[in-house]
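From first to last, the protein sequence lines are chains A and B. The first sequence begins at 25 in our numbering and counts up by one. The second sequence begins at 150 in our numbering and counts up by one.
Among these hints, one or two may not hold up.
Heads up, simulated DSS-like pairs for lysine-lysine below, C-alpha to C-alpha not over 25 Å straight-line [what the hints assert, rightly or not]:
# : chain 1 : residue 1 : chain 2 : residue 2
1 : B       : 220       : A       : 76
2 : B       : 217       : B       : 153
3 : B       : 279       : A       : 76
4 : B       : 310       : A       : 76
5 : A       : 76        : A       : 91
6 : B       : 310       : A       : 74
7 : B       : 220       : A       : 74
8 : B       : 220       : B       : 279
It is worth saying that the hints were derived from the structure and are not from the lab. Keep in mind that this is a model prediction, so the values were computed, not measured.
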Amino acid sequence: MDLTAPLFLAQIVSDEVRLQHEYEYLSYGLTAAWVILAVYVLLMVSRERKLKNEIGRLRAMLEDRRK
Amino acid sequence: MRDKILFVFGVVAMGILAWNVNAIARLPEETQQGVTFKIIFFHVPMWMCATMAATVALLASVGFLVTKNFKFDAAAVASTEVGLAFTTIGLVTGSIWGRQIWGIWWTWDARLTSALVCWILYAGYLMLRKAIEEPTQRATFAAVFSIFAFIDVPIVVFSIKWWRTQHPQPVFWSGGSFPPDWTHHLMWNMLAMLLLGIVMTAVRLRQEEAQREIDSLRRMAHAL
């Protein structure tokens, strides 16, 4: 009977668990990076829209007052 | 024309990232850290870009104090805001890496603490701007504050040389152990982040110009 087989199997399982754990944290890191960047870009887009609306509103108001 | 250049920069940055992420995924495991070390390919470029943004903010702030030209003030706020976004990502990715490698989310060592102080200072800069109504006073105070805040940047950069820290020593210079082909991927990511940073700063700069136009339209509306 080969007594090293269970040890070898245990080593494979332990490596698999370690690798899974490492990939988990790598994915957390990358997700966090992209989420923060995406949130910032969305905030910028929303600000851009607000500024354009405000400029349009003020120009229209000035036109009305001049008339 | 400026929009077209920015669009090209954005597309090139995304292209580099898509290609490079694929290449980084194929890199082998690092002997001590396993695959978690790959966070470094995003963590370091974010900090490099944040440092560049802080330097631009410093130069723009000095430029404003010397010339009183509001374009410098707009450049300072745009680069500070984008730099703060990069700093946030740098802190968060570093913390996640630390949790896996050190077993802790945070430690009060010199590098991490000075980096957090840097984040607080630049967040404070943006809050200070919101607190002051009068544009010239706001720009002057903000420029002085930005110059003061920059004092922390070299402390963050050199803290790992000046003090014994839990944060790793440099791996790219001073006899660092980063393999050259991995450095090559890191440099591509750095270029991509830099291009993204330029695009975001330019967009933010245009928003500051729009804000100035709103201020002048409001003044005209009051005068009529």
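Structure versus earlier hints - violations, ascending order: 2, 4 and 6
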